[in-house]
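Q: For what it's worth, UniProt numbering labels the leading residue of the sequence shown as 1, then goes sequentially.
Hints in this document: simulated from the structure, not taken from any laboratory.
Think of the CB as a built atom: it goes at the ideal place given N, C-alpha and C, for glycine as much as any other residue.
Do not take every clue at face value.
Said to hold, decoys possible - Now the in silico label distances, taken between C-beta atoms and shown as ranges: (1) Glu34 / Arg106: 49 to 59 Å; (2) Asp86 / Arg109: 58 to 68 Å; (3) Ala207 / Leu103: 26 to 36 Å; (4) Lys15 / Val180: 46 to 56 Å.
What the hints assert, rightly or not - Derived DSS-like pairs (lysine-lysine); straight-line CA-CA distance at most 27 Å: (5) Lys31 / Lys15; (6) Lys160 / Lys205; (7) Lys15 / Lys37; (8) Lys74 / Lys115; (9) Lys19 / Lys31; (10) Lys19 / Lys37.
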Amino acid sequence: RFVEGFSRLALPLTKLMRKGENFVWNEEREKSFEELKQRLVSAPVLTLPSGSGGFQIYSDASKKGLGSVVFALKIWRHYLHGESCDIFTDHKSLKYIFTQRELNMRQRRWLELLKDYDTNIQYHPGKANVVADALSRKSGVIAGIKASLRIEPDLISRIKEAQKEDSEIWTIVENLDQQVEFHLDNDSVLWQDTRLVVPNDASLKEAL
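Sequences and hints are given; from them, build the entire structure.
A: Okay, structure coming up:
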């Protein structure tokens, strides 16, 4: 159940879960508890789609590229099949997937599935695609990066976005199962063994 501002409203209660915190129920916590109960039965209330069409999906391209779009279509097939659907993704080249001449076998299978739907794939910049990107991430810190390179988080995000825009790098990602020396970390950033793959971008190289 979605509750807008949940973390702020629940803060007096979540503080009770901290190590060494004494369990003291006061007026502030009672107010927080009652407010959360009220929010659970008040508008806006999420509901199932009516099936009237015009669906929009925001998808993080992640490590699988087109696979993220296919996954979204599969899990929501009962809503999307037979309806028009706009898919917004932060992987720009997917806009042109229907016009590409050379595709591997996996991409061809995915295209066959896409043809079953009335879809329109549109580019949505990664920095604006924060909801889908955040939901697709795993929590945690890349220990190796933190310990050896000490790269700022925003720089890693810039490198990730630049990798998606680089056609040569994304070709490697799309065929990762055939690669031995390349791998993706938990944030879907491409590495060659222990070295970070940085696109040919002067500003990124200078920052590093």
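Q: May I ask which of the numbered hints given earlier this structure violates, with the numbers listed in increasing order?
A: Of the numbered hints given earlier, the structure breaks just one, which is hint 2.
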